Amino acid sequence: MDGKTNNIVVDIKNVEFLYEDTEETGGSRVLKDVSLQVRRGEFLAVLGHNGSGKSTLAKHLNAILIPEKGKVMVEGLDTSDESLLFDIRQRVGMVFQNPDNQLVATIVEEDVAFAPENLGVPQKEIRERVDYALDAVNMTEYKDHAPHMLSGGQKQRIAIAGVLAMKPDVLVMDEPTAMLDPAGRREIMETVKKLNREEGMTVVMITHFMEEAAQADRVVVMDHGKILMEGTPREVFSRVDEIKKIGLDVPQATELMYLLKKSGLNFETDILSADECVNVIKDVYNAAKEAL
Amino acid sequence: MFKDITLGQYFPGHSFIHRLDPRTKILAVIIYITSIFCIKSFLGYAVLAAFTVLCVLSSKIPFKFVLKGLKPIMIFVIITAIFNLFLTDGKILVRWSFITITYEGVRLAIFMVLRLFFLVLGTSILTLTTSPIALTDGIEYLLSPLKKVGVPAHELAMMMTIALRFVPTLLEETDKIIKAQTARGADFESGNLINRAKAMIPILIPLFISAFRRADDLAVAMECRCYRGGENRTRLRELKMKKGDVFGWFALVCLVGLIVLANVAYGRINI
Ligand SMILES: Nc1ncnc2c1ncn2[C@@H]1O[C@H](COP(=O)(O)OP(=O)(O)O)[C@@H](O)[C@H]1O
Ligand SMILES: [Mg+2]
Chain F
42 MDGKTNNIVV DIKNVEFLYE DTEETGGSRV LKDVSLQVRR GEFLAVLGHN GSGKSTLAKH
102 LNAILIPEKG KVMVEGLDTS DESLLFDIRQ RVGMVFQNPD NQLVATIVEE DVAFAPENLG
162 VPQKEIRERV DYALDAVNMT EYKDHAPHML SGGQKQRIAI AGVLAMKPDV LVMDEPTAML
222 DPAGRREIME TVKKLNREEG MTVVMITHFM EEAAQADRVV VMDHGKILME GTPREVFSRV
282 DEIKKIGLDV PQATELMYLL KKSGLNFETD ILSADECVNV IKDVYNAAKE AL
Chain Z
-19 MFKDITLGQY FPGHSFIHRL DPRTKILAVI IYITSIFCIK SFLGYAVLAA FTVLCVLSSK
41 IPFKFVLKGL KPIMIFVIIT AIFNLFLTDG KILVRWSFIT ITYEGVRLAI FMVLRLFFLV
101 LGTSILTLTT SPIALTDGIE YLLSPLKKVG VPAHELAMMM TIALRFVPTL LEETDKIIKA
161 QTARGADFES GNLINRAKAM IPILIPLFIS AFRRADDLAV AMECRCYRGG ENRTRLRELK
221 MKKGDVFGWF ALVCLVGLIV LANVAYGRIN I
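Note that the protein sequences, when read in sequence, are chains F and Z.
By the working numbering, the letter at position 130 of the first sequence is numbered 171, and the numbering carries on one by one without gaps.
By the working numbering, the letter at position 112 of the second sequence is numbered 92, and the numbering carries on one by one without gaps.
Rather than coming from a laboratory, the hints here were simulated on the basis of the structure.
All values reported here derive from a predicted model rather than from experimental measurement.
Any given hint could be a false lead.
What the hints assert, rightly or not - No farther apart than 30 Å at their CA atoms in a straight line, the calculated lysine-lysine pairs in the DSS-like style are these: (1) Lys110/F x Lys100/F; (2) Lys184/F x Lys222/Z; (3) Lys184/F x Lys51/Z; (4) Lys127/Z x Lys165/F; (5) Lys156/Z x Lys184/F; (6) Lys208/F x Lys40/Z; (7) Lys71/Z x Lys184/F; (8) Lys234/F x Lys184/F; (9) Lys220/Z x Lys165/F; (10) Lys184/F x Lys40/Z; (11) Lys165/F x Lys156/Z; (12) Lys223/Z x Lys184/F; (13) Lys208/F x Lys54/F; (14) Lys286/F x Lys267/F.
Given these sequences and hints, build the entire structure.
What follows is the structure, given as structure tokens:
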């Protein structure tokens, strides 16, 4: 492997996909010529309204689905090569929306051990991996609990620990916060950001919360099976009109700036957070005061 | 409404019985149940009762809690006792109009009651002192020699684990659906049996749909975590026989010996 490909963890090249059961999509393709590269160590957010093909794309990353045309390469491994199936799945940890439906065992610790057990990891190393994974999501003290006694956010953190125990190169999450309350959402975002910053974990996160996407390094917007926009959150969200046209929202702070600009005031829409928003308004206010 | 169901309930603890290897306990229960049906005399049941009491004492589980397991089978026990009491032929003890009670009938009725009680107590002690995970591990291990003749030992154990994992989730969901339907004016309490059964349909259908959905999701999640059946699988916790198990087996041999002696004695002196 040369140095260049080494910086790309997942390389999606011109992927086309159609489900066998085409009733829901009216016979049209769910993924249309999608190309995307996931870079090592980045936090990539994927946006798009329901049915735009996000989950379908995610399932291509670990060979749950195989492209009809085009290629998906994970660390240089082709997902269409069946002999590499488990090598690929071990490298791409996948977390889904409903935490209840991904936990297998009746004890937290046993659940986290599930993947390394499947991989045939020696007993002593399973122990180490379980301890590491539970620590990484800050759930060590719950290791003997039954999953159904935990909160949604805690369950989802256990699901994350369950895939971390595979020692994946990339963590793919399909709307992991969609079923959680605001406190649970915050827990998950903090956990994911910590993994990304401190452990250098590459993260691909599908979400429909714009505030979450705003915290990513890079945002991809999907629409009707195509990648419509791609760039830093600031670049993407400043294109407010285009985003609204496909039925998505922008972060609240951006929305405010957008409305102020629309009403004739001289504001830029490349604002993502409330803090930034306050600062910009303060500046304008002070400037206006001085001018008087 | 469903919170009270105690399906194969586990009573966490660290007693001698809790720490026994699950394989020891499963085999012990099999031997225990076999002996229930081999005992011929009250003396034998006295031995078994003493052994059972010792087990409960050393498990540090309150007697009351263990005996609670008998409650759901009470009706069954009473019916069995009545049938045996009135329908057994033999030496007549009481005769009153068309009712006859025989000496053999009384004896058999008491035996049947004792058998059912011990059956439930023995299995309760097993499930109360063994975590579901340990139980399924033990079953998987004990069934694994049968893999050669096509018994899917790993799959059976996996199914049991998943079932146990989803019992609370589905009960919670049932509760939620019942509340939602009640809020919409559904009535589950009144009417005759057929009406009540009909009232269950709006509960069962959403429950089934959601269960299939969950099964689908879980299958994908398991694949994502590299599940590929039992082959080459390692375990976080390997089963290991310890010193306590040796003592457990010794106690069991003593029990069987005493029961055999009691049976032999019965042949001679008839108690
Ligand atoms: N298993 C399936 N069989 C047939 N069609 C499907 C299946 N899963 C999803 N689809 C269809 O594919 C399209 C994209 O779905 P999905 O990838 O789940 O979108 P998103 O995750 O962005 O909401 C939708 O129109 C959906 O109806
Ligand atoms: Mg989706």
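For each hint, the structure was consulted:
1. For the proposed pair lysine 110/F and lysine 100/F, the alpha carbon gap of about 15 Å is at most 30 Å, so the pair holds.
2. For the suggested pair lysine 184/F and lysine 222/Z, the alpha carbons sit about 24 Å apart, so the restraint of at most 30 Å is met.
3. A distance of roughly 34 Å separates the Cα atoms of lysine 184/F and lysine 51/Z; the hinted pair therefore is violated under the 30 Å criterion.
4. With a CA separation close to 27 Å, the supplied pair lysine 127/Z and lysine 165/F stays within the 30 Å bound.
5. A C-alpha spacing of about 28 Å is found between lysine 156/Z and lysine 184/F, which places the hinted pair at or below 30 Å, so the restraint holds.
6. Annotation: proposed proximity of lysine 208/F to lysine 40/Z is violated, straight-line Cα distance about 41 Å (limit 30 Å).
7. A distance of roughly 63 Å separates the Cα atoms of lysine 71/Z and lysine 184/F; the hinted pair therefore is violated under the 30 Å criterion.
8. Distance hint between lysine 234/F and lysine 184/F is fulfilled; the C-alpha atoms sit about 22 Å from each other, no more than 30 Å.
9. Our distance criterion of 30 Å between C-alpha atoms is met by lysine 220/Z and lysine 165/F, whose separation comes to about 15 Å.
10. Simply put, lysine 184/F and lysine 40/Z have alpha-carbon atoms about 24 Å apart, close enough for the 30 Å limit, and the pair holds.
11. Among the hinted pairs, lysine 165/F with lysine 156/Z is inconsistent with the structure: their alpha-carbon atoms are about 42 Å apart, more than 30 Å.
12. Pair hint lysine 223/Z plus lysine 184/F holds up; C-alpha atoms about 27 Å apart against a cutoff of 30 Å.
13. Between lysine 208/F and lysine 54/F, the direct Cα distance comes to roughly 25 Å. Compliance with the 30 Å bound is thereby established for this hinted pair.
14. The suggested pairing of lysine 286/F with lysine 267/F holds, with an alpha-carbon distance near 15 Å, which does not exceed 30 Å.
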